[in-house]
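Chain B: place on chain A using the hints.
There are 2 protein chains.
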Amino acid sequence: MKPQEVDITFQPSGRRVYVLPGTKILEAAGRAGIILQTPCGGRGTCGKCRVQVISGPCGEAADSGPLSGELAAEGYRLACQTEVQGPAVINVPSESMFEHRQQILVSDSGNAGNFNPATRKVFFELAAPSAADVRSDLARLHDAIGDDVSISPDMVRMLPGFLRAQDWRGTAVVSGDRLIGVEAGNTADSACGVALDIGTTTVVGTLFDLIGGKEMAVASSVNKQVAYGDDVISRIRRVREDRGALNVLQNAIVETINDLIEQLVAQTGIPVSRVYELVAAGNSTMQQILCGFDPSALGELPFVQVFDKAQVLPVSRLGLKAHPGADIYVFPQVGGFVGGDTVAGVTAARLDRWDKPVLFVDIGTNGEIVLAHNGSMLATSTAAGPAFEGARIRQGMRATAGAVEKVIIAEDVVLNVIGNIRPAGLCGTALIDLTAELLRMGIIDGTGRILPAEELSGEVPDAVRKRLVAEDGDMRFMLADAGETLSGEPLYLWQRDVRELQLAAGAIRAGIRILLRRANLRAEDLGAVLLAGAFGNFIRRRNARRIGLLPQIACERIRFIGNAASLGAKMVLLSADERRYASEARHLIEHVDLSQDADFQTEFGNAMLFPDGDVDACA
Amino acid sequence: MKPQEVDITFQPSGRRVYVLPGTKILEAAGRAGIILQTPCGGRGTCGKCRVQVISGPCGEAADSGPLSGELAAEGYRLACQTEVQGPAVINVPSESMFEHRQQILVSDSGNAGNFNPATRKVFFELAAPSAADVRSDLARLHDAIGDDVSISPDMVRMLPGFLRAQDWRGTAVVSGDRLIGVEAGNTADSACGVALDIGTTTVVGTLFDLIGGKEMAVASSVNKQVAYGDDVISRIRRVREDRGALNVLQNAIVETINDLIEQLVAQTGIPVSRVYELVAAGNSTMQQILCGFDPSALGELPFVQVFDKAQVLPVSRLGLKAHPGADIYVFPQVGGFVGGDTVAGVTAARLDRWDKPVLFVDIGTNGEIVLAHNGSMLATSTAAGPAFEGARIRQGMRATAGAVEKVIIAEDVVLNVIGNIRPAGLCGTALIDLTAELLRMGIIDGTGRILPAEELSGEVPDAVRKRLVAEDGDMRFMLADAGETLSGEPLYLWQRDVRELQLAAGAIRAGIRILLRRANLRAEDLGAVLLAGAFGNFIRRRNARRIGLLPQIACERIRFIGNAASLGAKMVLLSADERRYASEARHLIEHVDLSQDADFQTEFGNAMLFPDGDVDACA
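Line order of the protein sequences matches chains A and B. Sequential numbering from 3 applies to the first sequence in my numbering. Sequential numbering from 3 applies to the second sequence in my numbering.
Note that these hints are calculated values from the structure, not bench results. Treat the hints with caution; some may be incorrect.
Which residues of chain A face chain B? A partial, calculated answer using Cβ under 8 Å [stated by the list, open to error]:
#1 131
#2 132
#3 137
#4 139
#5 157
#6 162
#7 294
#8 296
#9 307
#10 310
#11 315
#12 337
Please read all numbers here as calculations on a predicted model, not as lab measurements. All C-beta atoms in this analysis are idealised placements derived from N, C-alpha and C, irrespective of residue type, glycine included.
Chain A extracted, bound-state conformation (with noise of 0.2 Å):
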């Protein structure tokens, strides 16, 4: 029952995982955070996702299909076509990969019209005041960066000494609109810029090189605000008690930013002077409390944000690390729960520029869901709860090293943990795996219930069926025994961990149920789900759909498009165009407050139970 997994290596990034022989490279990939591209589904006809094998089995390429035969020589296979069977090395073309929509935007091809970050630099050599032309200092300096670029009073206060020591010479950084900065000599060749995806427990920022595109580092961190609850509403609740925690949570998260951009210049070597444009997106809490903003009314019905348009502050007004003159620009936010995560999500995704209606999913201790149909979106927020993420579920754990995070069913139970360590507790793909894999054994029945072995049919198998354990008239499951974890306690799938399941999984069900009767649509007009986050990369989406958590349609129509809101922060970083874009786009949304919606509760004890099968045999 212990089984092998396989070391597979992805190229170029070097990120490895183990995954059981047999897996998918598609998943595989996706469990290493590489995204590939899949507009076909994963049916193996559009051939969007081919990787190549660098070395290690990785099957025969198919006779016929979207790879010809002369790539298919050279190692080429289809991502979701091929499974691992053993230790491999795997190369993703960066074109096969989601994020090419971010690569198109940063590459220097035909395609590069895309790249036009907001910030720019100068090199300026300007004539000197001479009897022939007298004009004064800042006329000189327009004429280099052009008329429209505001200077502000503070910068008017330094030019002219500058100019004079400089000879007349020098690099004027223009964020925008506004000079943001001068310096001595050519630098017109260095300026970065930082992307940050702020999550309740995570921060991620990606240093972005500005006049070439590159991605330089990427660095995460903890959020600091963790040590003040590990959810949004116990922050929330500490402001709301306290008038000088805001400050005090404002300051952990601006010192968890610092402390990433110290990493980034570190590891790259370039000045944090040279950064000068930031931006942020995360949900409407961690946004509101980067700015200083109030979140008191975010934690009372009916949910009121401060703000909805984009925010553009000062680094120097917060104390953020980067150059004094730039800004960090904040995602425009939707409604409730409902925050600039989720807009820039849209802004990655394109979500109104699809020609069917098209389903935007983003699990986490909060399920953000929106619904694209004709150039209109409807957004909600639903309280999915912390049971993806482990808590809640009596033996579960956060998707870390310990983690079962895969369950197969056959003749007897399959584990994945990650690490490839003896198992410690349970993530939340894992209890999706389990549950759906019981389901159709027939060993948790359409309302959640655990059945006893004595009303098991005769065709569960008995190394399955022993595994069911009874105590005070509930049922739990035994995944691994004494011998077999971390800790030589039996690791189980208890009654209540459904019963937790059913709820997260039923609020998020019920939330689509609504946005599409608010549209007038069925599950089976959508031409797509698009699955967004950090957790939707790692679940099944057969076992997800069979759970109910998502929609009952052909899983080649769910799609992982990774983390789509730091796709979107990183998007509008690169270029103004995307930035115009996020606020167009949070135009079209409408917010849908499920709270007020008399329908809602109907529908939440409706998607409690379990939808009645499998729709068609996808992975």
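Below, chain B alone, put in the same frame as chain A:
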């Protein structure tokens, strides 16, 4: 010879002046700082300068002319045609004042379209968030103040608390497209602004009600920078010699303005927090020091300014007393010593909109000259020197009590002394009068030499001839003997004084000639010469023309327009349209640097010679 001056009081201002009998009301009003409209040039044909004589002998009304018999019966007279003969009280209707332009701006009549201050207040009563309306706090506020108004992060920070504490009611203060404050309750009827005329010596502040448009209070004060030098050159030198001096001088003008604002609010009982906007016009040195911009480059050739577009600075940055969100607008500058006061004057005079070439002359230590022709303008500044302010004149003084300010010579010399006391010295206007009169009598020749008695024609009356005194080869002319003066010393015009006047007038005359030549125009082509500024108001046109200070054109084309810079500042305070116009007008102005003009030295040399005679016999 001690003439009997008479006391004239002007209503409604209550201003009093002492003038010689026979003085035109127009001139007496000008000496009281009241500039009347004279579009016909004082020929008695347009009727715009009419005033009402309340008491005192002012002659009969003309039989014909623009005044109806009915008005004449009520005491109305044309100020340009009517002489005062004894003490009088005269009422000046607002429509007769040159500043009627401003009156139109602020009136609530049909012409009020131009009154649209950048600052507006909006009382709001917002719907509180409810189940049916969960929009953000800012979305609610934008409903009231408009979607285009930007709200700074600092404002956003306080809004959630303010709105809830105030039960979603309050008054927004919007300046241009920025929200600068919110106030509890309905304060929409209370908003003020201050227009500042920042002179090298004197600063004048005018408080306006920005809701009704009324002028509420005026205050003036010595510029505290005089402690660091009388003129701009000495203050620039200070800054060049000592890096800390810029701060010291900036603080001095900030303190001067703050004292003025305190006086203004004390006079009216309006709190400083209701002053939402400041507008300042001054010469380039004054403006740059106020902004904290280094004026050093104005202290050496080729006299370069730091900026030319209007500057808008937060008062909080400068430490000015006003609402903390207020800005101060500082006028655009042209180049060299042609500063914001000139642009403000051009704005007030609508110099680009005349249908004939028009010359704008503002005489002070520097003379600023603008020639408008076919919609574009040439502007220059010339160092007139301090002669017109009494400096470098051996017995010269400023135009304060005891200064001879008017001289008439017929059978003998008749003097008008400020304050109606014994004379103590000569001020600039008297210097011009005296020189012109002596030129007419042939006592001074075209080269500026005071002739000895034996060289004079027989037509010079004996009483006048006897006033000539020879010493060391030079002549001097006695205005008052030892018994007639305050000091007990005789008062003379010295030969050297005439030379100083030749230098001062010659510089301005040469500047005018250069501009005319650049525009390919002759003096005769000028539709009007507009005399702006405090000094210009007090000179006699004919005498100024006689000494060559003004072009040799008919007096009716020479008009007084009062303190045009101050008027321009007020207009910009009262109207965002005027602010736009000031920026547009600035772009129509081309700066002419006389020091770089090959012809200037020749012109200056020629201009040292006095013109041949009088063009006509006007006052």
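How the hints compare with the structure:
| no. | hint | result |
| --- | --- | --- |
| 1 | 131 | holds (4 Å) |
| 2 | 132 | holds (6 Å) |
| 3 | 137 | holds (7 Å) |
| 4 | 139 | holds (5 Å) |
| 5 | 157 | violated (10 Å) |
| 6 | 162 | holds (5 Å) |
| 7 | 294 | holds (5 Å) |
| 8 | 296 | holds (5 Å) |
| 9 | 307 | holds (4 Å) |
| 10 | 310 | holds (4 Å) |
| 11 | 315 | holds (5 Å) |
| 12 | 337 | holds (6 Å) |
In terms of the numbered hints stated before, the structure departs from hint 5 and from no other.
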